[in-house]
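Undergrad: Protein sequences, first through last, are from chains H and S.
Here the first sequence is numbered in numbering that gives the first Met the number 0, starting from 0 and rising by one per residue.
Here the second sequence is numbered in numbering that gives the first Met the number 0, starting from 0 and rising by one per residue.
If you are wondering where the hints come from, they were derived from the structure by calculation, not from laboratory data.
In this text, a Cβ means the ideal position worked out from N, Cα and C, and glycines have one as well.
A hint or two may mislead.
What the hints assert, rightly or not - For lysine-lysine, the following DSS-like pairs were computed, each having C-alpha atoms within a straight-line distance of at most 30 Å:
1. H/Lys263 to S/Lys219
2. S/Lys228 to H/Lys263
3. S/Lys4 to S/Lys216
4. H/Lys36 to S/Lys154
5. H/Lys256 to S/Lys228
6. H/Lys256 to H/Lys228
7. S/Lys219 to S/Lys4
What the hints assert, rightly or not - Label pairs and their computed distance ranges (CB to CB):
8. S/Lys35 to H/Val217: 53 to 61 Å
9. H/Glu5 to S/Arg104: 29 to 37 Å
10. S/His78 to H/Val217: 23 to 31 Å
To be verified - In silico negatives: residues of chain H with every beta carbon more than 10 Å from chain S:
11. Tyr32
12. Gln49
13. Arg70
14. Thr72
15. Thr165
16. His187
17. Ser218
18. Glu244
19. Ile246
20. Arg248
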Amino acid sequence: MVAETEPSNIETQFLLEALQRGQRTDGRGIYDYRTLKITGGSTPGLVTVQLGQTRVMARVSCTVTRPYPDRPTEGIVQFNAELSSLCAPHVDHTLRSQEVTVTRMLERVLRQSRAIDTEALCIVAGHKVWALRVDVHILDHAGNLVDAAAIAAICALRRFRRPDVTVDGETAVIHDVRDRNPVPLSIHHTPVCVSFAFFGAGELMVLDPSLLEEQSRVSWFTVTLNAHKEVCALNKAGGVPLTHEQIKRCVQIAVAKVDEINEKIQDAVNI
Amino acid sequence: MADVKVVVPGDVIDTHTEEEESVLRLGPGLIQQAGKVNAIAAGVLHASSDTNHFWVVGNRRRYVPAEGEPVVGVVLGRHGEGYRVDIGSAHDALLPLLAFEGATRRNKPNLAVGATVYARVSVANEMMDPELECFNSHTGKSEGYGELTQGFTFKCSLGMARRLLNAKAPVLNALGDQVPFEAAVGVNGRVWINAGAPEKTILVVNAIKNSEYLDGKQSKQMVKELLGKQ
Numbered sequence: 000m001v002a003e004t005e006p007s008n009i010e011t012q013f014l015l016e017a018l019q020r021g022q023r024t025d026g027r028g029i030y031d032y033r034t035l036k037i038t039g040g041s042t043p044g045l046v047t048v049q050l051g052q053t054r055v056m057a058r059v060s061c062t063v064t065r066p067y068p069d070r071p072t073e074g075i076v077q078f079n080a081e082l083s084s085l086c087a088p089h090v091d092h093t094l095r096s097q098e099v100t101v102t103r104m105l106e107r108v109l110r111q112s113r114a115i116d117t118e119a120l121c122i123v124a125g126h127k128v129w130a131l132r133v134d135v136h137i138l139d140h141a142g143n144l145v146d147a148a149a150i151a152a153i154c155a156l157r158r159f160r161r162p163d164v165t166v167d168g169e170t171a172v173i174h175d176v177r178d179r180n181p182v183p184l185s186i187h188h189t190p191v192c193v194s195f196a197f198f199g200a201g202e203l204m205v206l207d208p209s210l211l212e213e214q215s216r217v218s219w220f221t222v223t224l225n226a227h228k229e230v231c232a233l234n235k236a237g238g239v240p241l242t243h244e245q246i247k248r249c250v251q252i253a254v255a256k257v258d259e260i261n262e263k264i265q266d267a268v269n270i
Numbered sequence: 000m001a002d003v004k005v006v007v008p009g010d011v012i013d014t015h016t017e018e019e020e021s022v023l024r025l026g027p028g029l030i031q032q033a034g035k036v037n038a039i040a041a042g043v044l045h046a047s048s049d050t051n052h053f054w055v056v057g058n059r060r061r062y063v064p065a066e067g068e069p070v071v072g073v074v075l076g077r078h079g080e081g082y083r084v085d086i087g088s089a090h091d092a093l094l095p096l097l098a099f100e101g102a103t104r105r106n107k108p109n110l111a112v113g114a115t116v117y118a119r120v121s122v123a124n125e126m127m128d129p130e131l132e133c134f135n136s137h138t139g140k141s142e143g144y145g146e147l148t149q150g151f152t153f154k155c156s157l158g159m160a161r162r163l164l165n166a167k168a169p170v171l172n173a174l175g176d177q178v179p180f181e182a183a184v185g186v187n188g189r190v191w192i193n194a195g196a197p198e199k200t201i202l203v204v205n206a207i208k209n210s211e212y213l214d215g216k217q218s219k220q221m222v223k224e225l226l227g228k229q
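Let the hints inform the model, and build the full structure from the sequences given.
TA: Right, here's the structure in full:
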């Protein structure tokens, strides 16, 4: 099996030629997002997101565990992204770099931005806390996994219900979901990622790159913001340097786009 | 053929013809085992009565090479006496340096890494890596095979690629009436299109991609609407 194939010369050449005329190979505009569809079923905490042809599934589960010794009153949240060979022909199970990229982005976007209230996950300080696990499975890789994975993860977290707990001093009773309705998690805000790809010497830019655009890009930049238009994170890992004018413009575009995305998220999480 | 016969792997195919002594040609999806013909792919069984040719048409996206099929490949590197080409199959194919029209030891083609070629599968069996050729080995002429420059390639399902190979494909004809373009269709699910200007090429590529699940009439309608927006 061929590992990590580069696109052919005529594909990259054509892509650049078309971009210089302001066109994208899939007929979209430069600032157009692909169709976003969020589906949640009867299982709380299980969400599938479709962004164009990219398909991502997120699943949230929880267990009771001991907290970290330096953080006795906080719960634990773990993120895990998986790309199997089924999502794209060039993906090999030995190539971990894409999985690591997505997992790290999810950690920055959801854990470091303090979107999840980890103190609310505490049951008995120092002894028992909830440990959440967010598993993201990439089902189809057609570009821009980060945005799709972030939307899937936050929707799954907001739809998730954990068992109810009654605490009496040092003892805690965890109620079965059949006895008492499970309760939602405490989420402070809903961060959303908006990714951009750059080409040429960094002067050509597109929003929501497709797979071919992702493979041919020279630089990649993600803006993470929430519904209150607060910027939670800016992520640029390697590639051609960008001017601060470009960064400002990306943030402005992201601010304009986040409303549409957030509307779809609200529809999906308000069951 | 009046009725559509759907087969799954393991089905035994009835291949009785009028002349008992004739030679049967088994195409993709069929193998001969212990005197019987078995299907090894899921799909619709097709038979051509005048050439005694049987084959199975199924729809997948991963290509299994078969001899004689035209494919679009990307050159990965030069390897000894040939090029290593990615055609989307499990193993990369070998394209010998002399398998081009007019190629001699003194005059060999020079393909760059990442170049796109239209080739014919010359060797394909489960024991060897597939091999390609960019000419008709009997006549020595290129017959359309060779390097593809300019234009754009895209991927589609294998069933779609076979439909596109038919000269009467509705979507290609509907597009060709309005927008002149060249196309090279590989049965490995890769198609090359060149319509001159990038806008036109993008239009043709997306129209073809959209027509995957549409029938003839719907394809014509879709093309009309797409061109009407221009």
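Undergrad: All hints, please: hold or fail.
TA: Hints, verified against the model:
no.	hint	in the structure
1	H/Lys263 to S/Lys219	violated (33 Å)
2	S/Lys228 to H/Lys263	holds (28 Å)
3	S/Lys4 to S/Lys216	holds (24 Å)
4	H/Lys36 to S/Lys154	holds (23 Å)
5	H/Lys256 to S/Lys228	holds (25 Å)
6	H/Lys256 to H/Lys228	holds (10 Å)
7	S/Lys219 to S/Lys4	holds (28 Å)
8	S/Lys35 to H/Val217: 53 to 61 Å	holds (57 Å)
9	H/Glu5 to S/Arg104: 29 to 37 Å	holds (31 Å)
10	S/His78 to H/Val217: 23 to 31 Å	holds (29 Å)
11	Tyr32	holds (17 Å)
12	Gln49	holds (17 Å)
13	Arg70	holds (47 Å)
14	Thr72	holds (51 Å)
15	Thr165	holds (52 Å)
16	His187	holds (41 Å)
17	Ser218	holds (21 Å)
18	Glu244	holds (27 Å)
19	Ile246	holds (29 Å)
20	Arg248	holds (24 Å)
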